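What follows is each chain in one-letter form.
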Amino acid sequence: MIAIIGLLLGIVLGVLLEPTLPASLQPYLPIAIVAALDALFGGARAWLEATFTDKVFVVSFVSNVLIAALIVWVGDQIGVGSQLSTGVVVVLGIRIFTNAAAIRRHLFHA
Amino acid sequence: MPEPAPGPTAGGPPRSRRARSSRPATERNSADAGRHPSRGGGLDPMARRAQRRRERDREQAPAASARPGDARPEDHRPDGDRPGRDGSAEPGRWASLARALLVPSRHQVLLGLVLGLVAMGVVMQVRSQSADDTYSTARRTDLIQLLDGLSAESRRLEDELATLEQTRRELETGADSERTARQEAQSRLEELSILAGTAPAEGPGIRLHVTDPQGKVNAQVMLNAVEELRDAGAEVIELDDTVRVGTSTWFGDGPDGLVVDGQPLQSPIVVEVIGDPHALEEAVRFRGGLVSEITGPQVEGQVGVEQLDRVVVDTVRPPTVFQHAEPVPR
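Residue numbers (numbering that gives the first Met the number 0), protein chains in the order written: chain A, 0 to 109; chain U, 0 to 329.
Hints are computed from structural coordinates only; laboratory data are not their basis.
Bear in mind that the values here come from a model prediction, so they are computed numbers and not experimental data.
C-beta: ideal position from N, C-alpha, C; glycine also.
Incorrect hints may have been included.
Claimed, not checked - Partial selection, computed: residues in chain U whose CB lies under 10 Å from chain A:
id: 1; residue: Ser104
id: 2; residue: Arg105
id: 3; residue: Leu110
id: 4; residue: Leu116
id: 5; residue: Ala118
id: 6; residue: Met119
id: 7; residue: Val121
id: 8; residue: Ser129
id: 9; residue: Ser153
id: 10; residue: Arg167
id: 11; residue: Leu170
id: 12; residue: Val220
id: 13; residue: Leu222
id: 14; residue: Val225
id: 15; residue: Val320
id: 16; residue: Phe321
Stated by the list, open to error - To spell it out: a stretch of chain A is covered by chain U in this simulated footprint if at least three of its residues, at any positions, have a beta carbon under 8 Å from a beta carbon of chain U; those stretches are:
id: 17; stretch: 1-9
id: 18; stretch: 23-30
id: 19; stretch: 45-58
id: 20; stretch: 72-86
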């Protein structure tokens with residue numbers, strides 16, 4: 000319940016306050032979002048597997064986001080930013096799909 | 000409550016071999032390719048955790064069970080209030096999910112915080128995507144490439160523009176010169192047709208009324224008069240509204256008097272002349288000229304001279320068809 004409230008609150012805040020990132024951070028937001036989605040799916044799967052701990056969840060969430068952004072930032076510095084961001088998105092996407100499949104199996108046995 | 004556990008994103012947790020081997024084969028197959036031993040999948044996570052703890056304890060004290068592999072996990076559950084086993088456990092699973100959603104806990108606060116963050120980020124990103132298009136998030140190299148393409152395109156278009164403008168100028172000057180030539184030819188044609196007498200003409204000039212009661216005005220007098228008028232700049236001469244004087248006009252004396260171009264002229268003769276009126280009048284009035292000749296004792300006629308602002312000459316001559324002469328090709 001609180002989680003859903005938090006989700007709605009986040010949406011409302013984003014819509015109402017219209018926060019803007021500094022332009023230098025702008026390219027890393029999409030990657031960070033994908034990484035956060037991956038962390039969320041991983042958390043859900045861990046919860047279903049009864050291995051969920053909030054500490055691990057928070058740490059993995061933050062580190063996922065930071066590492067994804069960092070990888071892309073480093074890629075930008077050495078001139079392969081677009082390729083690296085594509086790679087990160089692909090890897091995270093694969094992980095999201097894997098996690099989603101595990102969640103599906105847990106919930107529906109299918 | 001927080002218990003050391005594998006990371007949520009780290010795939011399957013390193014589970015104990017014993018737990019896996021303790022499951023019946025059918026159950027293992029129904030699970031996720033054997034990767035996630037969803038033992039007690041229908042249970043609430045807390046209960047499952049308790050179960051694992053119990054199993055761990057059992058591992059540390061192997062004497063507790065003679066052959067753990069034979070035992071089903073459910074057998075070791077002291078609280079038998081959990082309904083259902085795997086497979087038939089849907090309601091319990093969903094119920095635990097619903098309970099976890101509804102019952103406030105620290106998890107929930109944390110998850111709410113994280114979800115709120117992610118939602119905010121997504122909203123920001125969606126906003127920035129929809130607000131200003133692709134360029135704000137594009138990379139520098141992409142932008143440079145884009146810019147290069149655009150400037151090359153604009154250079155190409157400018158070249159094309161210059162070429163087209165050049166063409167337009169050429170066409171315009173061509174059209175201009177053609178128009179000028181046509182106007183020139185037209186005015187020349189008009190000039191020449193007035194000169195040849197093939198076109199009607201109008202303009203300032205004089206009108207002479209020559210009264211000749213005795214019929215003494217002959218071809219010689221008339222020819223002299225025409226010559227003098229021409230000397231004075233006469234451009235168009237018409238006699239009696241019937242004869243247009245041209246290059247091939249001839250004057251003769253017929254039985255009934257003066258004949259011009261085959262037309263007999265009777266007194267009074269009206270001579271209409273287009274030219275500078277003042278010069279023309281001078282040309283007929285000078286001593287020994289037309290007026291003095293006609294009013295003189297030999298003819299004893301009268302000449303009326305009037306200057307007019309507008310003399311209209313309608314009579315035309317048939318165009319001359321040249322049989323021998325033709326223009327020299329330029």
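Now for the hints, and whether the structure bears them out:
1. Ser104: 8 Å, holds
2. Arg105: 6 Å, holds
3. Leu110: Where the cut-off is 10 Å and the nearest Cβ of chain A is about 4 Å from Leu110 (chain U), the hint holds.
4. Leu116: Constraint on Leu116 (chain U) satisfied, holds at 6 Å.
5. Ala118: Since the shortest Cβ distance to chain A is 3 Å, the answer is holds.
6. Met119: 4 Å, holds
7. Val121: 6 Å, holds
8. Ser129: 12 Å, violated
9. Ser153: With Cβ-Cβ at 26 Å, over 10 Å, it is violated.
10. Arg167: Violated, because the Cβ-Cβ distance from Arg167 (chain U) to chain A comes to roughly 45 Å (cut-off 10 Å).
11. Leu170: Cβ of Leu170 (chain U) sits 49 Å from chain A, so the hint is violated.
12. Val220: 107 Å, violated
13. Leu222: Not OK, violated: Leu222 (chain U) not within 10 Å of chain A, min 103 Å.
14. Val225: With a minimum Cβ separation of about 97 Å from chain A (threshold 10 Å), the hint on Val225 (chain U) is violated.
15. Val320: 87 Å, violated
16. Phe321: 86 Å, violated
17. 1-9: Contact hint for the stretch 1-9 of chain A vs chain U: holds, 9 residues under 8 Å.
18. 23-30: holds (count 4)
19. 45-58: holds (count 14)
20. 72-86: It holds: at least three residues are needed, and the stretch 72-86 of chain A offers 4 whose Cβ sits within less than 8 Å of chain U.
Against the hints set out earlier in the document, violations occur for numbers 8, 9, 10, 11, 12, 13, 14, 15 and 16.
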